[in-house]
Amino acid sequence: MSISPLQLCLLFSSALFCIGLIGALSRSNTILVLLGVELMLNAANLNFIAFWRYGPATSPATGVIFVIFSIAVAAAEAAVGLALVIAIYRHQKNIRLQEADRLKG
Amino acid sequence: MLPLVVIALLTLATAAVAMALRNLIHSALLLIGSWGGIAAFYLWAGAEFVAFAQVLVYVGAISMVVLFAVLLTRRSRTDIALAPDSVGRAFAAIVTGGAVVGVLAGAILSSPLGAGTVAGNAPAISVRDLGLQLMGSHAAALLVVGGLLTVALLGAVVIASADRAEKEDDRS
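Residue numbers (numbering that gives the first Met the number 0), protein chains in the order written: chain X, 0 to 104; chain Z, 0 to 171.
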């Protein structure tokens, strides 16, 4: 059975998603967990572009504009997340997730 | 197809090694390579504008923020290598991730997705058209994203900046 390019793109993005998922679940360093989440977001963007390229024809800008907004939201999320990491480090001198279990500093 | 396979293998390999390493700086640098691979995929697929946005935002900006966060949250000059994580959690995570990728790959391979569009060209979209659409029919969404970015960056500065009482505690 032959494999179409769209399927190849989707396999690529699902493998990337799972690498991000494994990283986010298994590591206990907050920065690495955030980076895993970023990888999952990137895998979702890959899906948008794959369907824009090979999917049923729609308006030619749809997928591209969706990915641009998604990248903007991901940038905001990364900035806030890393600021939170720095705030947690200032309170607890540690960024292990298991020890960041209090809301009160 | 061959360029896609090469790009995919390089991106996946750098991402996997980055998630497995114990040196945070090496992980961050490898992830920059992985994001560059994703930008190469966008170029291959014909979405040049998205590829350059990916390079600017991820390879240029987020990587710098990540490296600064790594450097600001270490306790001493040599404290970069992490303590090993628990083996049980890593095993559970790999089982979960393997199950997810198995389900996704099975669903993708058993579906007739894209069977008829193998030889199609990329939809043509110029940067001018993109800008006109962004400022025209998507202007409201663009404004909302601008507001979101402003609020998020201001909030990040407020969260990460030291408050005055704490600074005086440090001094005394």
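Be a bit skeptical, because a hint or two may be false.
What the hints assert, rightly or not - Computed footprint of chain X on chain Z; a stretch qualifies when at least three of its residues, placed anywhere within it, have a C-beta under 8 Å from a C-beta of chain X:
id	segment
1	35-46
2	86-95
Stated by the list, open to error - Label-pair distances were calculated between CB atoms; the ranges are:
id	chain 1	residue 1	chain 2	residue 2	range
3	Z	Glu47	X	Pro55	20 to 28 Å
4	Z	Val150	X	Ile2	38 to 46 Å
5	X	Asn93	Z	Leu8	16 to 24 Å
Everything labelled a hint here was simulated from the structure, so no lab data went into it. Here the structure is a predicted model, which means the values were calculated and not measured. Glycine residues also receive a C-beta, built at the ideal position from the N, C-alpha and C atoms.
Index of numbered hints that the structure contradicts, given in increasing order
Violated hint (a single one): 5; every other hint is consistent with the structure.
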